[in-house]
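J.: Heads up: the protein sequence lines correspond to chains A and B, in order. Numbering-wise, this note's numbering comes out as the position in the first sequence, counting from 1, plus 350. Numbering-wise, this note's numbering comes out as the position in the second sequence, counting from 1, plus 1.
Bear in mind the hints are in silico, worked out from the structure with no lab data behind them. Possibly wrong hints are sitting among the right ones.
Counterexamples of contact, computed for chain B against chain A with all Cβ distances above 12 Å [as the list claims (entries may be wrong)]:
#1 F72
#2 A79
#3 K82
#4 K86
#5 I90
#6 I225
#7 G279
#8 I307
Ranges of calculated distance between the beta carbons of each label pair, as one might list FRET restraints [what the hints assert, rightly or not]:
#9 K463/A x N172/B: 38 to 48 Å
#10 E400/A x N113/B: 42 to 52 Å
#11 T115/B x N495/A: 50 to 60 Å
#12 G202/B x E400/A: 51 to 61 Å
#13 L57/B x I614/A: 36 to 46 Å
#14 I434/A x T232/B: 30 to 40 Å
#15 Y25/B x C368/A: 57 to 67 Å
#16 M524/A x I203/B: 29 to 39 Å
#17 E525/A x S217/B: 45 to 55 Å
#18 K416/A x K86/B: 28 to 38 Å
#19 N542/A x K63/B: 45 to 55 Å
C-beta: ideal position from N, C-alpha, C; glycine also.
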Amino acid sequence: MASDLRTKQRASIGLKICIYVVSILLAVLSIFPFWVMFCNCTRSTNEIQEHAVSFLPSVYLMDNFKVYEGKDFNPFVGFVNSMIISVFSTGLAVYFSSLTAYALTAYEWKLRKPFFSFIMAVMMIPGQVTLIGFYQMVYKLGFTNNLLMLILPSIAAPMMVFFMRQYLQGALSMEIVQSARIDGAGEFRIFNQIVLPIMKPAIATQAIFTFVSSWNRLFEPLVLLTSKDKYTMPVMVSLLKGDIYKTEYGAVYLGLSMTVLPLIIIYLSLSRYIVSGVALGGVKG
Amino acid sequence: MAIKSNGGRVVRNRKLVNYSKYGYIFSIPFVVAFLIFSLYPVIYTTVIGFTDLKGLGVTTFKFQEDPFTNFKTIISNATFKIALKNTVIIWIGNFIPQIGIALLLTAWYTDNRTKIKGKGVFKVLFYLPNIITSATIAILFSTLFGYPMGPMNDVLMTLGFIKEPFYFMNNKKIAQGLVMFIQFWMWYGYTMVTLISGVIGIDPAIFEAAEIDGASRTQTFFFITIPCIRTIMLFTLVTSMIGGLNMFDIPKLLVNASGPDNSTLTTSVFIYNQAFSGSYMYARAAAASMMMFVVIVILSCVIFYILRDKDEEQLAKLRKADRKAERKAMAGGM
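For reference, chain A alone in the conformation it holds in the complex:
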């Protein structure tokens, strides 16, 4: 009996070691590429050519930065454009999805069920399938370099309407809405002042994800934006692939680091909410 228990214990310790080893290996795999990138962005091209991996930063950050002078890659323009697109897309998507979800939850109207089934059906249409038609439409209107064309489509975000509706069904009590009505509040005001605050937790989660995904988007901006001062961050990054940066290793790493840094800061400060947000989405989907 005793020896049986001991073998079991030993097996359990073995399993634990195995779990930790695999976990640590995968964790290193997650960090290593970014670590090399951040270190190399402070090293000179000569240093990198001698030894491409170093775990210690060097002192050539500013020299690497000077490489961008007079070239197309402009991280600040990219940053501002990406910021404009992401902030407004997120705001519009969150507000109008909440509004649509509220319409689907609080009111009884004839087309409500068909409308919801419709949202479920179009939820999965990938954007790239519609791109040729979208490009032609925007081109005809002459709006190809207009950031609005990358912002306005987020008003209709079927996936988010779906999540918001799920949330509202658990969180909204019609008694509050009723009493606000008795106090004489209009429907629109009730939504803005009573329902939106109730939805704050769902809005926070959805906002983070919409922000990150619109910040990272490459396909649509790459097609629509042709003028260099309208480029977003991912389009700027794709310029680093060009030949003029082939020999400037330090500068390439620096450019990559600048696009990653804001995301890593956001992620590490909000990681708890982000990871639990993913979990929430999974259960509800």
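The hints should help you fit chain B onto chain A, whose structure is shown.
T.: Positioned in the frame of chain A, the structure of chain B alone reads:
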């Protein structure tokens, strides 16, 4: 589908106000934006697929005499075939290890018999690559695997595995494998977090009962955990498939000109190249993207159908067993 019926019940129990016109009014922005930015482009893309639209800046077109000319051209196009094959291979090659590792980690992290410390930190780190711009990741990896001097060559040469720098991106298999690896690396954390949340939602009493009955860890995982999270696994499969068949950022930017022998050319990159480079074949690209859309819809329907069928089968079996038990009880009673 379970969600829908569930939602319906909740709503029915609640008192609903008769302000029905606001339901319409509040849905207007969504509907208008959807019509302009989604529905119209889809229809327009379909129409373009039947025309001869090509050339930069051209917006006028006429319909082909044989409406399916573009579709025929695409189907018989050798490059499109390669792209389609690559897309499927790359998706499968990333999805199998992705779901495998995610399931393994889920089993480890949700097992209450082995307490693992630092799970929170591991989850945060595994999910990290998913949040980073994939354009950046593609170029970062192409730099890491650079030739003649890149960190990967440096590491391998320092460790003595190779004597001379190796030109990774010039090798068909390695270029394709690297796209698979990056996709796997970016998504296994997401899949794991989703699966873990599904396991946490299972009633703990089931696991306790299994432990008391002497089920081993492996048995518990395969006969209790996996059947319980089947819906979430289906969701992961469908979303991963749609994402995989639209893969663009990584294959577009990892290797110049889609790698040796088009080994990293995916259908999305093919569509992009047709429409926005060379001779700007909008019509052909539109036909190709409509075909991809049809493939995605059919595959999704097949996956959903397989699952629904199984559910119904199980229900039917249960009902049969119930009836049998009832009959037995009645016979016994008499």
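J.: Take the hints in turn and mark each one as holding or not.
T.: Against the structure, the hints come out as follows:
{"no.": "1", "hint": "F72", "result": "holds (14 Å)"}
{"no.": "2", "hint": "A79", "result": "holds (22 Å)"}
{"no.": "3", "hint": "K82", "result": "holds (19 Å)"}
{"no.": "4", "hint": "K86", "result": "holds (19 Å)"}
{"no.": "5", "hint": "I90", "result": "holds (19 Å)"}
{"no.": "6", "hint": "I225", "result": "holds (18 Å)"}
{"no.": "7", "hint": "G279", "result": "holds (15 Å)"}
{"no.": "8", "hint": "I307", "result": "holds (17 Å)"}
{"no.": "9", "hint": "K463/A x N172/B: 38 to 48 Å", "result": "violated (55 Å)"}
{"no.": "10", "hint": "E400/A x N113/B: 42 to 52 Å", "result": "holds (51 Å)"}
{"no.": "11", "hint": "T115/B x N495/A: 50 to 60 Å", "result": "holds (56 Å)"}
{"no.": "12", "hint": "G202/B x E400/A: 51 to 61 Å", "result": "holds (53 Å)"}
{"no.": "13", "hint": "L57/B x I614/A: 36 to 46 Å", "result": "holds (38 Å)"}
{"no.": "14", "hint": "I434/A x T232/B: 30 to 40 Å", "result": "holds (39 Å)"}
{"no.": "15", "hint": "Y25/B x C368/A: 57 to 67 Å", "result": "holds (59 Å)"}
{"no.": "16", "hint": "M524/A x I203/B: 29 to 39 Å", "result": "holds (32 Å)"}
{"no.": "17", "hint": "E525/A x S217/B: 45 to 55 Å", "result": "holds (51 Å)"}
{"no.": "18", "hint": "K416/A x K86/B: 28 to 38 Å", "result": "violated (45 Å)"}
{"no.": "19", "hint": "N542/A x K63/B: 45 to 55 Å", "result": "holds (50 Å)"}
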